[in-house]
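The listed protein sequences correspond, in order, to chains A, B, C and D. Numbering follows this note's numbering, with no gaps: position 25 of the first sequence is 25. Numbering follows this note's numbering, with no gaps: position 63 of the second sequence is 63. Numbering follows this note's numbering, with no gaps: position 5 of the third sequence is 5. Numbering follows this note's numbering, with no gaps: position 120 of the fourth sequence is 120.
No lab work stands behind these hints, which were simulated from the structure alone. Heads up, some of the hints might be wrong.
With a straight-line Cα cutoff of 35 Å, these simulated DSBU-like cross-link-like pairs (lysine-lysine) come out [what the hints assert, rightly or not]: (1) D:K146 <-> A:K2; (2) D:K22 <-> C:K146; (3) D:K22 <-> A:K2; (4) C:K146 <-> D:K127; (5) C:K48 <-> D:K127; (6) D:K61 <-> D:K127; (7) C:K127 <-> C:K48; (8) C:K127 <-> C:K146; (9) C:K61 <-> B:K2; (10) C:K22 <-> B:K2; (11) C:K127 <-> C:K61; (12) D:K146 <-> D:K48; (13) C:K48 <-> D:K22; (14) D:K146 <-> D:K61; (15) D:K48 <-> C:K61; (16) D:K127 <-> D:K48; (17) C:K22 <-> C:K61; (18) D:K61 <-> A:K2; (19) C:K61 <-> D:K127; (20) D:K61 <-> C:K61; (21) D:K127 <-> D:K146; (22) B:K2 <-> C:K146; (23) D:K48 <-> C:K127; (24) C:K22 <-> C:K146; (25) C:K22 <-> D:K127; (26) C:K146 <-> C:K61; (27) D:K127 <-> C:K127; (28) D:K61 <-> D:K22.
Simulated coverage check for chain D against chain C, where a stretch passes if three residues somewhere in it have a Cβ under 8 Å from a Cβ of chain C [claimed, not checked]: (29) 37-46; (30) 96-110.
Think of the CB as a built atom: it goes at the ideal place given N, C-alpha and C, for glycine as much as any other residue.
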Amino acid sequence: MKVLFFASLRETMACSELAWTSDQPDNVASLMTQILLPDGQSLASYAETESLLIAVNQQMVDGDTALNPGDEVAFFPPVTGG
Amino acid sequence: MKVLFFASLRETMACSELAWTSDQPDNVASLMTQILLPDGQSLASYAETESLLIAVNQQMVDGDTALNPGDEVAFFPPVTGG
Amino acid sequence: MFRQVDIQFEDFAIDEVLGTLKANTSAAGGFCFFAGVVRDMNDDEEIKSLYLEHYPEMTEKQLHRILDQAEARFGLLGAIVIHRIGSLAARDNIVLVAVAAAHRGEAFSACEMIMDYLKTQATFWKKEVTPEGDRWVAARGSDLSKEAAWGDSSA
Amino acid sequence: MFRQVDIQFEDFAIDEVLGTLKANTSAAGGFCFFAGVVRDMNDDEEIKSLYLEHYPEMTEKQLHRILDQAEARFGLLGAIVIHRIGSLAARDNIVLVAVAAAHRGEAFSACEMIMDYLKTQATFWKKEVTPEGDRWVAARGSDLSKEAAWGDSSA
């Protein structure tokens with residue numbers, strides 16, 4: 001799987017893209033408990049206080065969404081275009 | 001007074017502008033009984049079957065509106081700009 | 001509010017109008033434009049061209065009265081209305097209403113209200129040239145309903 | 001429906017977009033445009049410039065999904081969305097939504113719906129450069145309310 005971060009979350013993570021080679025998580029929520037921020041907290045815990053949107057294969061989803069090898073998973077703050 | 005006709009009414013009247021030199025009518029409705037179309041019917045009778053808008057001094061009004069010497073009175077069909 | 005009303009034979013350029021609105025409004029975040037063009041078909045008849053007549057002494061006043069009402073109702077920063085007159089070919093531009101507002105919701109609403117009022121209150125008349133001959137365009141009842149939907153149709 | 005989605009560094013020209021819509025839609029009588037520009041003030045801070053980041057693989061898909069919804073809901077004849085990315089100065093154009101419809105009411109509604117959905121669903125992010133330093137623009141709750149008001153916010 002490929003994991004992407006955008007905008008302020010990209011800066012917080014100090015990372016744009018992450019090749020996920022650890023165990024395949026069942027769903028997005030499980031992946032979020034395994035991704036760690038530079039300060040040591042998990043992305044799941046970060047999302048408890050910060051608004052976070054999730055896309056799997058370029059489609060907006062929620063945490064319950066199942067994941068498969070080869071998926072592209074993206075995390076980002078609410079969008080601000082226009 | 002000056003009397004103006006526009007668009008299809010201008011064509012029906014075969015006239016764009018008329019200097020009103022007869023007796024000064026009290027109001028628009030009275031003027032309309034005195035204006036005659038080429039076929040002999042009055043503008044008042046024409047307006048019973050055709051939609052007609054009225055402006056006095058470039059302001060939309062209705063037939064009850066009082067008239068004074070020097071007024072510019074205009075008759076025209078519903079507008080179709082835009 | 002910055003405003004400009006032009007009744008002209010010439011075509012208009014929307015990018016130029018946006019530039020004028022930008023130059024004369026600060027803090028505007030949203031710009032809404034409506035452009036009307038000559039239809040190539042109307043009531044199943046091919047339209048070859050169009051002749052636009054107006055009531056010169058009144059038209060500009062009416063357009064300013066319409067802008068007064070839009071300004072009173074919405075937080076507008078600027079508005080430009082350009083309406084062409086004379087002979088126009090099928091697909092030519094006829095009218096442009098351009099509005100600048102702090103927020104996009106107001107820009108959309110004000111632009112639509114100005115167009116709806118223009119359709120029923122501005123003293124323009126269209127005559128279509130078709131293969132069957134010339135004919136004055138009939139006013140549409142739906143335009144009166146749209147105007148009435150704004151709740152206040154004084155002009 | 002004719003459609004075009006462009007994500008680009010370059011500026012856009014509205015008159016050119018109107019020409020493209022005219023060339024690709026017949027029977028269109030009403031054209032509505034919304035242009036968004038970089039504000040020169042935001043939250044009482046002067047904005048010197050703006051940096052626009054996006055999610056390249058996803059943005060275009062999202063914009064097409066938004067156009068799908070507008071097409072299903074309104075009788076649209078054509079739609080063009082252009083969104084700029086990269087570095088922009090204060091008062092530069094950011095976004096253009098252009099819509100052609102048979103009737104003006106549908107043109108206004110479709111253009112506004114596309115903008116409201118774009119604000120909450122298209123994967124763009126703005127970073128403002130102010131005299132106090134850089135900051136990511138915060139999403140606005142009012143944009144979510146506007147999206148929700150259309151009744152169906154699937155994307």
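Now for the hints, and whether the structure bears them out:
no.: 1; hint: D:K146 <-> A:K2; in the structure: holds, 33 Å
no.: 2; hint: D:K22 <-> C:K146; in the structure: holds, 25 Å
no.: 3; hint: D:K22 <-> A:K2; in the structure: violated, 42 Å
no.: 4; hint: C:K146 <-> D:K127; in the structure: violated, 41 Å
no.: 5; hint: C:K48 <-> D:K127; in the structure: violated, 51 Å
no.: 6; hint: D:K61 <-> D:K127; in the structure: holds, 23 Å
no.: 7; hint: C:K127 <-> C:K48; in the structure: holds, 11 Å
no.: 8; hint: C:K127 <-> C:K146; in the structure: holds, 23 Å
no.: 9; hint: C:K61 <-> B:K2; in the structure: holds, 19 Å
no.: 10; hint: C:K22 <-> B:K2; in the structure: violated, 42 Å
no.: 11; hint: C:K127 <-> C:K61; in the structure: holds, 23 Å
no.: 12; hint: D:K146 <-> D:K48; in the structure: holds, 28 Å
no.: 13; hint: C:K48 <-> D:K22; in the structure: holds, 16 Å
no.: 14; hint: D:K146 <-> D:K61; in the structure: holds, 21 Å
no.: 15; hint: D:K48 <-> C:K61; in the structure: violated, 40 Å
no.: 16; hint: D:K127 <-> D:K48; in the structure: holds, 11 Å
no.: 17; hint: C:K22 <-> C:K61; in the structure: holds, 25 Å
no.: 18; hint: D:K61 <-> A:K2; in the structure: holds, 19 Å
no.: 19; hint: C:K61 <-> D:K127; in the structure: violated, 45 Å
no.: 20; hint: D:K61 <-> C:K61; in the structure: violated, 47 Å
no.: 21; hint: D:K127 <-> D:K146; in the structure: holds, 23 Å
no.: 22; hint: B:K2 <-> C:K146; in the structure: holds, 33 Å
no.: 23; hint: D:K48 <-> C:K127; in the structure: violated, 51 Å
no.: 24; hint: C:K22 <-> C:K146; in the structure: holds, 30 Å
no.: 25; hint: C:K22 <-> D:K127; in the structure: holds, 22 Å
no.: 26; hint: C:K146 <-> C:K61; in the structure: holds, 21 Å
no.: 27; hint: D:K127 <-> C:K127; in the structure: violated, 52 Å
no.: 28; hint: D:K61 <-> D:K22; in the structure: holds, 25 Å
no.: 29; hint: 37-46; in the structure: holds (count 4)
no.: 30; hint: 96-110; in the structure: holds (count 4)
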